[in-house]
Every structure is written in C-alpha cells, then in structure tokens.
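Asks: Listed here are the chains, written in short residue letters.
Protein chains: 2
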Amino acid sequence: MTGPRPVQAPVSPLAIDRLALHPLGLDQVGITGGWFGEWQQRNRDVTAPHALAWLERDGSVANLRRIGGEEPAGPHQGMWFSDSDVHKVLEALSWEVGRLPSPELERRIADLTAVLRAAQQPDGYLNSFVQGGFDTRWDNLVMSHELYCMGHLIQAGVANHRATGRTDLLDVARRAADCVVNDFGEGRRKDTDGHPVIETALVELYRETGQDEYLEMAEQLINARGYGVLKPKGHFDSPYYQDATPVREQTTVVGHAVRALYLLSGVVDVYLETGEQALLDAALAQWTAMAATKLYLTGAVGSRFEGESFGDEYELPPDLVYGETCATVASIMVAWRLLLATGESRFADAIERALFNLISASTAVTGDAFFYNNPAQRRAAHPAAIPDSRQQRAEAPGTRPAWFECACCPPNIMRTVAQLAAYVATHDETGIQVHQFIPATVHAWVAKHQVKLKLATDYPADGTVRIQVTDTGDAPWTLSLRVPAWCRGASVTVNQEVVPADPDDHGYLRIHRVWAAGDTLSYDMPMPFRFTVAHPAVDAVHGMAAIERGPVVYCFEAPDQAAGIDLNRVELRSDEAPTAVTRTIAGHDVVAATVAAIARDDSDWDRHGWATLGEEPRRAGRPVNLVAIPYRMWANRGSAVMRIFTPIWRGDSDD
Amino acid sequence: MTGPRPVQAPVSPLAIDRLALHPLGLDQVGITGGWFGEWQQRNRDVTAPHALAWLERDGSVANLRRIGGEEPAGPHQGMWFSDSDVHKVLEALSWEVGRLPSPELERRIADLTAVLRAAQQPDGYLNSFVQGGFDTRWDNLVMSHELYCMGHLIQAGVANHRATGRTDLLDVARRAADCVVNDFGEGRRKDTDGHPVIETALVELYRETGQDEYLEMAEQLINARGYGVLKPKGHFDSPYYQDATPVREQTTVVGHAVRALYLLSGVVDVYLETGEQALLDAALAQWTAMAATKLYLTGAVGSRFEGESFGDEYELPPDLVYGETCATVASIMVAWRLLLATGESRFADAIERALFNLISASTAVTGDAFFYNNPAQRRAAHPAAIPDSRQQRAEAPGTRPAWFECACCPPNIMRTVAQLAAYVATHDETGIQVHQFIPATVHAWVAKHQVKLKLATDYPADGTVRIQVTDTGDAPWTLSLRVPAWCRGASVTVNQEVVPADPDDHGYLRIHRVWAAGDTLSYDMPMPFRFTVAHPAVDAVHGMAAIERGPVVYCFEAPDQAAGIDLNRVELRSDEAPTAVTRTIAGHDVVAATVAAIARDDSDWDRHGWATLGEEPRRAGRPVNLVAIPYRMWANRGSAVMRIFTPIWRGDSDD
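Protein sequences, first through last, are from chains A and B. Counting from 1, one number per residue, gives the positions in the first sequence under our numbering. Counting from 1, one number per residue, gives the positions in the second sequence under our numbering.
Among these hints, one or two may not hold up.
No distinction is drawn between identical chains; accordingly, a pair holds when it is met within one copy or between any pair of copies.
What the hints assert, rightly or not - Straight-line Cα separation of at most 20 Å, DMTMM-like style, residue types lysine to aspartate or glutamate; simulated pairs:
1. Lys452 - Glu106
2. Lys233 - Asp388
3. Lys233 - Asp58
4. Lys231 - Glu405
5. Lys190 - Asp589
6. Lys452 - Asp505
Just so you know, these hints were derived from the structure itself, not from any lab.
Using the sequences and the hints given, assemble the complete structure.
Replies: Below you can see the structure in the form of structure tokens.
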C-alpha cells in the first residue's frame with residue numbers, strides 16, 4: 001500500500017493536497033454528550049441489538065447462511081437485495097466498536113463476517129439472491145442490485161478495517177471488489193448497476209488499499225451512466241436511474257433521490273482523488289440546484305412517493321412529501337465530501353439541518369422504531385404501525401415501525417450516528433475548523449504539534465459553545481468556527497476578551513493567535529425564534545411561515561395544544577415573537593415555543609370546497625396561543641396532527 | 001321478466017316509485033352537436049377502432065381466445081385483469097351502436113361476444129388468467145379481480161341488451177352472474193372481491209332480468225365489506241379495500257378512489273331498489289364529505305399516487321395529484337344515481353364539473369391518447385409519451401399515451417362518452433328536467449303525452465340555452481332547468497316574455513304552463529370570468545385563485561404566453577377582471593381569457609430556498625397580460641408548464 005494511512009473515518013482521501021479541509025478520525029474526535037451523545041449510546045445499547053435481531057427474524061442472515069451451506073436450501077426471504085441490510089449493519093457496528101470497544105458487538109461482527117466469507121464464491125462474487133438461483137449473475141443489472149449489495153459490503157469492509165484494524169471483513173470486501181474489477185474492469189462490460197453506491201465504495205477501498213484499479217473501476221462505472229445503458233423495466237425510466245444524462249452534463253438532481261445522491265458521493269470521491277474539475281463542477285451545480293429548489297426545510301429531499309424521486313423545481317408540498325430517510329443520509333454523504341473539497345460552510349450548514357431535523361426525527365426516542373418516509377405535515381391521526389412488526393416501505397403509518405420489508409433506512413441511520421464524530425471538526429495547515437456544535441473532544445496535529453480541544457455546549461437548546469484548549473504547541477494557529485447561515489450577531493470571547501466575530505467568505509470566523517493550554521473560548525450565537533418563509537415559487541407554502549430557532553425546525557403537534565384547537569385551522573400572528581418555554585416530551589426536556597395565533601372558524605366554508613372571490617365567507621377567528629416543539633421530537637406520543645408551515649394571519653379583511 | 005322494461009340507458013331502476021327523477025333512454029335523448037357531439041363522433045370513428053386494435057395488440061383478446069381454444073396455450077399477456085378491458089370496450093361499443101347503428105361495430109361486438117362465449121366455463125365462470133392456470137379460482141379474491149372482471153362483463157351484457165335488444169352477450173353475462181350466485185349466494189362464501197364493481201353490475205342485471213337473486217347477491221357483497229374480510233397482501237391495508245368500516249358506518253370516502261366510488265354506485269343502486277334508507281344516508285354522507293374536502297376543482301378525486309387513493313381532508317396539492325381518470329368516471333356514476341334518488345342539482349353540478357374539465361382533459365382532441373392520472377399543475381415540460389406505445393399507469397408523461405399496461409381508463413372514457421345523452425335530462429310526473437346544457441333532442445312521456453324538445457346552445461362558450469318545444473300534449477307540465485351553483489342572475493324568456501327564474505331549494509327553476517308546439521324558451525346564464533378560492537384548510541392553494549367561467553376551469557399553459565413569461569413566477573391581479581378572447585387550440589376555437597398579472601422577479605431569491613421573515617428579498621415584478629385557456633384543452637400542443645391555481649398578487653409591501 002502506498003500513500004498515507006487513511007484516517008479512521010469515512011472519506012479519507014489519499015490525494016490530500018487537493019483537500020480544502022482534512023478529515024479527522026474517530027480516534028481524534030469523540031462525542032461526549034448532548035442529544036447525539038445520548039443517541040450514540042442508544043445506537044449501541046438499543047438499536048444495534050434490535051437490528052441484529054431483525055436481520056435474523058426477517059431472514060436476511062439466513063439467506064446468506066444457506067448459500068454458505070450452514071442452513072438447508074430454501075426460498076429467498078425478503079427483498080432480493082436484503083444482503084445490503086446485513087452489510088450496512090456491519091458497517092454501522094464497525095464504526096460503533098471503533099468509537100468504543102464492545103466485545104459483544106465485536107463477536108457479532110466476527111460471526112457475520114464468517115457467514116459472508118462462507119457464502120462468497122471463490123472469485124469474490126457474493127449475492128445470496130443470485131447464488132440461491134433466483135436470478136442470473138449480472139444478467140439484470142437494472143434491477144438486481146448486485147453491485148449495490150457488493151458496494152455496501154465494500155463500505156463495511158473499509159469501515160471495519162479503519163475502525164478496528166482487522167482484515168477479515170476487509171478481505172471479503174476486497175475479493176468482492178476484485179470480482180467486480182475482473183468482470184467489469186477495463187471496459188469488459190459497458191453497463192452498471194441500477195442502484196449506485198458501488199462507486200463511492202470502490203473509491204473508499206482504493207483509499208484503504210492504495211490499489212488503483214478500484215479507483216479506475218469507480219470512474220468507469222460513473223462514466224458508463226447517462227447514455228441509456230440501463231434498459232428500464234417496469235415503471236421507471238432512464239432519469240430514475242440517473243442514466244438519461246452523463247453526470248458531467250447534469251445540472252440538477254433527478255430521479256430516485258437515494259440513487260442520485262449515492263452516485264454524487266462517488267462523483268465527488270473520484271474528483272477528490274483524480275482532481276478532474278468537471279466532476280466537482282457537476283457535483284457543485286447539482287448540489288446548489290438541489291439546495292435552492294428541491295430541499296425541504298427539514299432536510300428532506302425527494303418529494304415523490306412515485307419512484308422515491310426528486311420532483312420538479314419547487315415541488316415541495318408538505319402533505320405528500322416522501323422524504324426518505326436514506327435520501328437525507330445520502331445528502332449528508334455528499335455534503336461532507338463537498339465540505340472537504342471546498343471548505344464552504346454551506347455544506348456544514350446542510351449537514352446541521354439534516355442532523356437536527358429529519359435524521360433526528362426519523363428515529364423514535366426509544367431507538368427501536370423508524371420512519372422510512374418522513375411526513376412534513378399530517379392532517380389527521382393515522383393508524384399506528386403494528387407493534388413489533390415490519391412495514392412495507394411505501395406505507396405511511398402514524399407511528400414509526402420497528403423494521404421494514406425493505407430495511408434500508410434503519411441501518412443507514414445507525415451508521416450515520418455511529419460515525420457522527422467525524423463531522424464535528426476538520427484540520428488544515430492553518431489549524432482546526434469546528435463545523436458542528438456538539439459536546440466533543442478534538443485532537444489534531446497542527447503545525448507539528450498535538451492540539452487538544454474540549455467542546456462543551458447545550459446546543460441547540462442554547463447557542464453558546466465553550467471551547468477549551470487543553471493541549472497545544474507554541475506556534476500560532478487558527479481556530480475556525482462555522483457561522484451558520486441562520487446566525488445573526490455572533491460574538492466570541494477568548495479568555496473573556498472580546499475578539500472579532502465576522503465570518504469570512506467561506507462562512508467561518510477565524511481566530512488566529514498563539515494558543516495556550518487552558519485558553520477558553522466562548523462562542524455565542526443568539527437564537528431568537530424566527531419565522532421562515534419559502535421561495536415564492538414554492539406554491540405549496542405560499543403565504544405561510546415555519547418557525548425555526550437556531551438549526552432547529554419547529555412543528556405544531558396536537559398533543560401540545562389546548563383543547564378545541566384544530567391545527568388544520570390555525571394561522572400565525574407573525575407580528576408577535578414566539579417565546580421560549582420548556583416542555584418535556586417522552587422524557588426529554590426541550591425548548592418549545594409559545595406562539596400567538598388565530599384559531600380560524602371555517603364553519604361557513606365547511607359545506608363546500610370553494611368560493612368565488614368576493615363572495616367568500618368571512619374569515620373569522622379567535623386569538624389563541626399554540627405550542628411549537630422541535631420537529632425532531634414529533635410522533636413520540638402516538639399519531640397526531642402535525643404541521644410545520646402555517647398560514648400567516650392577515651386579518652379579517654383578507655381576500 | 002317482471003316489472004317495467006328498463007329504459008335504454010345506464011341505471012334503469014325497477015322500483016320506480018322511489019325515484020325523485022326518472023332516467024331517459026338513449027332512444028329518448030340524443031346529442032346533436034357541440035363539444036360532446038363531436039366527441040361522440042370521434043369516439044366512434046377514432047377511439048373505438050383504436051381501442052379494438054390495442055386489445056388485439058396487447059393480448060387482451062388473445063388471452064380469452066386461448067381459453068376458448070382458438071389459439072394455442074401460452075402465457076397470459078398484460079395485467080391479470082385484462083379481461084375487464086375487453087368487457088368495458090364491449091360496453092362502450094354497445095352504447096355506441098345503441099345510439100346510432102354501425103354494422104362494422106356490431107360485427108366486432110358479435111365477434112368478441114363469440115370469443116367470450118367460447119371461453120366461458122359451463123357453470124358461467126370466466127376469467128382468462130385463472131382459466132389459463134395462473135391462479136386458482138376464488139382463491140385470492142383480495143388481488144385477483146375475478147368478480148371485478150365478471151362485473152364489467154355483466155355491465156357489458158346489460159348495456160348490449162338495453163342498447164340493441166340482442167341477447168347473446170346478455171346470456172354470457174347472466175351465466176357469469178349465475179356462477180357468482182351459485183358460488184357465493186345465500187352466504188355460501190362470506191368474502192368478496194378486492195375491487196368492487198360487481199355490486200352495481202348485479203343490480204343492473206337484476207333490472208334487466210327481474211331476477212331477485214342478482215339484487216340479493218349485490219346486497220350480500222356490499223354487506224360483507226368492512227369487517228376485514230379481505231386479508232391484505234402487499235402494500236395495502238383494509239381501508240384501501242373499503243374493508244375497515246361497514247359501508248353504513250362510513251362517513252367519508254377512503255382508500256383506493258375508484259374502488260370506493262364503484263362500491264358507492266352499487267350502494268345507491270341497492271338503495272334505489274330496496275329503499276333501505278341507511279344505504280342512502282351513508283352514500284349521501286360520503287358524497288357530501290368528498291365534495292367538500294377531497295375534490296379538486298377539475299373534478300379530480302384521489303390525491304395520492306400511493307394506492308391511487310383518497311388523501312386526508314383538504315389534502316389537495318395540485319403538483320402531486322394523482323387524479324385517476326377512472327375515479328372521476330366513477331364519481332359521475334355515483335352522482336347520477338344520487339341525482340335520480342334526490343333530484344338535487346348539486347349532483348348534476350358535479351357531473352358538469354367532471355365532464356367539462358377532467359373528463360374532457362383526459363383525452364387528446366385527436367381521440368387516440370389518454371391521461372391515466374391528470375396533473376393539475378406542471379412546473380416543467382416532461383418527456384413526451386412514446387408514440388404508439390403503451391405506458392405504465394403510474395408514470396406521468398408530458399403528453400397522453402396511446403394506451404396503458406393497465407388500460408382501465410380509455411374504455412371508461414369511451415363508455416362515458418357513448419352514454420352521455422342519458423345524463424342530459426330526466427322526467428317525472430311534473431314534466432321534464434334539463435340537467436346538462438348540451439345540444440340535444442329530448443323525447444319523454446309527460447301527462448300521458450309525448451313531449452319533444454330541442455336544445456340548442458353554444459354552452460359552455462356562452463351561457464344561452466334555447467329550448468324549442470316541438471311536440472306536447474294539452475295538459476300543463478313543468479319544464480325544470482338546473483341553475484348551476486356558479487350561476488348568478490339567470491334569466492328566462494318563453495316566447496320572448498320574461499318569466500321568473502329563481503331556483504327552488506333543489507336548485508332548479510321550474511316553469512309550469514300549458515306548452516304548445518313551437519314554444520321557444522331562452523335560458524340565459526351570465527358567464528363572467530370569476531376568481532375561485534379554495535376552502536382555507538386547503539393549504540396547497542392558500543392565497544391563490546383559479547379562474548373559472550361558467551362550468552369551465554381555466555389554466556395557464558406556456559404555449560399561450562408571451563416570450564419571457566415563466567408561469568412558475570406569476571401572480572394574478574385579482575382587482576382586474578379577465579376579458580374574453582378567442583383562441584384556436586389544436587383546431588378548436590375556445591373562449592380564452594386575457595388576465596392581468598405580475599411577472600415576478602425572483603432573482604434575489606434564487607440562490608436559496610428560504611428567507612427569514614423580515615429579511616426576505618424584495619418581491620418585485622412587472623405588469624403583464626397572461627392568457628388562460630380551458631383546462632380541457634391543455635396538453636394538446638406538446639408538454640408544457642401549466643397551472644390552474646396562481647398566487648394572488650398583494651403588491652410589493654407583501655410579507
């Protein structure tokens with residue numbers, strides 16, 4: 001192997017000269033508390049055993065055991081790509097044990113690795129559905145997910161090696177990658193998989209092994225797409241598969257949201273290693289278009305149930321949003337890579353939006369139930385998910401199911417939470433950059449000296465972040481702090497002395513000085529409640545506002561409202577600022593908001609759907625106070641009416 | 001056979017004493033021109049041969065020929081319920097030849113009838129998928145559509161007999177119904193089909209034959225539903241199948257929209273024959289809730305792609321509406337039955353809304369291409385349907401496909417157009433009621449005399465309807481004219497003398513007098529353009545208005561606008577009334593509207609999706625004139641941006 005050893009974190013480029021920012025490993029950053037610290041603990045204590053039990057119950061592991069001869073032959077259980085759930089859980093557990101050892105989890109990883117090794121063919125091919133005789137190898141790439149499953153296997157092998165130094169799962173992954181290279185490499189096949197992920201996985205394996213053929217394979221697979229190489233079957237067309245336009249010519253995100261963003265992750269990965277500017281330009285164009293025209297306030301992307309896909313520009317209706325959890329996970333993957341490539345805060349802002357809103361809301365506070373798609377409005381209480389059963393992915397039950405027929409989302413959440421520390425900070429030759437405000441310790445080499453920081457904060461409950469330098473060299477270096485796009489009037493003191501706090505054009509405020517151990521920095525981001533309005537072309541929330549505070553999107557949920565309030569018939573009084581109030585939701589204290597509103601009386605309207613302008617019934621209402629809670633806490637008290645955007649009251653004279 | 005001979009029209013109740021209004025047959029009402037007269041001609045000249053050719057191309061007829069031994073055995077082609085397409089085309093052609101003889105179409109009907117007879121089992125069972133060996137008879141009712149297919153067969157047999165007096169197709173239908181009665185009747189089976197339609201079909205067969213067991217069977221199948229008798233498979237739950245709540249307890253429409261409304265048709269049919277008030281009450285409650293909370297302005301129902309289903313109350317986003325054509329056809333079926341039951345104009349209003357908007361828009365003006373789902377907004381031009389190929393139902397191409405994998409909609413449109421004359425007028429002991437303003441001749445027996453009327457009108461291009469009495473007896477009788485809910489200031493003259501024109505509480509104006517042949521009535525409904533706003537709980541079009549004129553919903557489509565206008569960035573000037581202008585679209589002259597608007601300049605917003613209230617970019621714009629066209633004409637000039645609801649401009653001070 002050549003080049004520097006990758007850091008123990010996802011995305012560890014070898015071609016480091018091109019990086020605007022350098023990642024830190026899970027051995028360098030650790031989350032020490034707060035919302036995400038508690039969640040990491042729950043991820044290990046609750047979600048990990050829950051997921052492992054479901055992989056056994058739903059037959060995903062048994063499918064592989066049968067191929068390895070450990071169980072008698074039989075029908076394939078679950079989705080034809082169920083292998084990927086096993087691989088993704090293995091990746092998640094690997095990051096978990098890298099973060100903090102666990103003999104129990106390590107034993108489970110070793111057991112599952114043995115199952116994979118037994119099932120793997122001599123040439124490295126591994127797919128329990130095809131090997132079980134239910135499809136023909138490489139014969140149905142548009143649908144088969146063979147490269148997709150092997151991509152997740154490779155990601156698991158890389159994660160396991162980075163996190164633990166073990167080579168058994170990495171060896172399985174390498175053999176799988178070798179199989180892909182042997183069968184597809186150097187143009188031996190011109191086609192690719194209907195579902196991307198292999199691209200980013202192969203680049204990561206290149207980083208872990210230094211073997212150029214994996215990078216070349218990733219490039220080939222990216223270059224193959226966009227020429228109608230996949231022959232659509234069933235409902236979906238070439239844009240669905242990102243196969244209508246070559247990636248370098250594509251200026252926005254189209255088709256299946258997860259596929260589009262997994263592919264984009266691979267595109268940025270290839271750019272990071274090869275430096276091909278056209279790839280970065282395409283990725284930046286697609287990302288920028290997505291953020292401006294196809295992104296929900298919660299971090300949801302992909303508005304359509306049909307094809308789990310991106311809609312047209314500004315097609316962002318809250319009531320029929322799909323908003324797959326995996327798509328937001330994938331958006332974080334892309335954003336992180338673009339942050340490393342550019343150093344621009346907008347990508348860390350996007351990660352923050354996703355983490356504190358959709359990703360947090362995707363999982364019950366108990367850690368054992370998940371949304372596959374994430375409503376942004378609910379007009380009526382829906383039937384609850386059936387306890388302890390798995391759900392079809394396309395259903396939208398009132399509460400979070402325990403597991404899914406297509407169980408892609410829960411392991412995706414698990415691996416994101418397990419690797420979360422990696423997104424907190426980076427380093428470069430100037431010093432350290434803090435991107436996410438999460439209680440953590442950060443160790444990095446700066447100017448040839450070890451620097452250690454301790455971040456303490458109640459963020460996002462309040463906007464003060466205290467950073468203590470606990471170790472540093474003598475040379476001056478720069479501590480960079482992200483100034484979120486939502487933030488106005490940030491201030492900083494170092495050892496109680498005020499220092500300038502204006503962000504530069506990358507969105508960071510930079511403090512350059514000779515630091516000493518014991519130095520204490522206090523970063524204060526004022527966090528008033530604010531009303532947020534959408535681009536005027538987002539028709540679905542025209543004349544409406546959402547409430548945000550710091551990075552937190554708020555919602556109104558029925559259990560918090562006074563008797564007699566129908567959240568389908570309220571309007572905001574935007575002339576009165578919401579006030580903070582503490583509420584306890586499912587055992588968690590959160591900053592809620594008391595919001596002045598009008599409870600509308602629509603009774604004159606209720607007999608009919610429309611009225612002629614000028615003849616419409618009087619719009620009357622009574623002043624009320626509503627309570628808004630962080631969106632991430634919703635749906636933890638049964639199924640209930642919920643909304644994020646609410647009409648702005650314009651008074652009775654409104655027409 | 002007992003009782004009076006049913007009239008030659010769909011829905012000919014035997015228990016006529018209960019009817020508020022009595023239907024007229026296709027031998028009594030004939031459409032003589034106008035939009036629908038031309039369409040009927042096209043239905044016969046273009047759509048009928050197009051559909052017959054597709055039934056051959058897509059294998060629907062071949063599936064049946066194989067069962068009858070006319071072709072060698074082989075796999076089933078197309079959907080497992082493809083028989084229903086054959087049956088529905090047979091029904092449509094039967095109404096067509098009843099309307100006006102056609103030796104060619106009669107020959108095709110006879111040929112297809114022979115195919116069905118050859119395929120039918122001795123006990124009457126007929127299903128090419130099951131008989132082909134691809135499923136087990138009655139074993140999978142939740143999915144199999146066996147009763148659904150046989151229901152459409154029965155409807156075809158009834159239509160053929162009513163329209164032509166022939167008995168060959170009716171005999172096939174009777175044997176099929178006898179099979180259902182033998183296998184399911186008197187509680188021999190407790191379950192029913194996942195997809196209703198058999199219920200209304202059996203009642204119609206009862207009407208045609210007088211055999212009570214068909215009515216009893218329909219009742220039994222309606223009563224079976226609502227107790228979880230269907231074990232859901234795949235994505236869908238009991239509400240999807242209308243199997244969560246017994247119909248008499250159901251207060252709104254839920255689940256798959258077509259299924260819900262086909263079932264409701266059967267419910268009203270059973271009420272009409274048995275007089276069970278609880279059935280009528282349930283149907284009225286469901287209809288009223290649907291019309292107030294789940295109906296689009298265009299007549300679309302069923303907002304969700306997922307499950308082709310009704311959404312929650314006021315869940316009516318224009319950009320992600322499903323709006324299946326068949327669902328609106330089914331809504332006409334229900335409305336017509338409720339009109340006969342109650343005599344209330346709101347049901348005729350609903351039929352008018354559906355006919356002049358969604359139904360008309362569902363079909364290309366060329367008559368050979370169809371929308372399965374009907375967009376109510378399009379933000380970008382989409383790829384066109386592939387010419388001369390069939391499309392998956394769930395795709396939403398930019399132009400209308402020629403045919404579909406699931407070809408339920410085109411035959412449903414065909415049969416609706418073919419039987420349209422039946423919806424024009426009714427009679428009762430007081431006289432004649434005119435419901436739809438379509439050029440037509442109407443013959444009816446009133447006070448024991450033949451009365452003949454001639455309706456002439458350019459409606460909906462203008463609101464004047466001229467009715468000439470061409471034959472009448474000496475006794476006084478009442479001519480009733482619907483006053484549409486949108487109409488203000490209607491006036492009537494008889495022989496140039498003004499008569500009072502106030503509607504009664506059923507929504508009709510009544511003119512009681514001794515009529516004489518040659519009497520001429522002129523009914524004038526003023527038709528200014530009007531701005532229509534939705535119930536305040538329809539968040540998706542909050543602060544927006546649509547343009548209507550008479551029964552016609554207008555839309556803005558890109559081809560009609562001046563260069564540089566982006567319909568995604570316009571707002572209406574509701575202070576200025578639109579003015580009429582004639583435009584020719586795909587060869588049709590229509591009344592278009594010139595509409596004062598503001599072309600918004602959103603360039604300051606375009607870099608980001610949201611802004612904080614109080615910091616948002618200035619909303620500037622320039623005055624422009626837009627052109628609105630009837631929605632029914634859209635998508636006849638390629639794929640283009642289209643919208644119905646548009647924000648109301650509130651000026652630059654707007655926040």
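Asks: Mind listing which of the numbered hints don't hold for this structure, in increasing order?
Replies: 1, 5, 6
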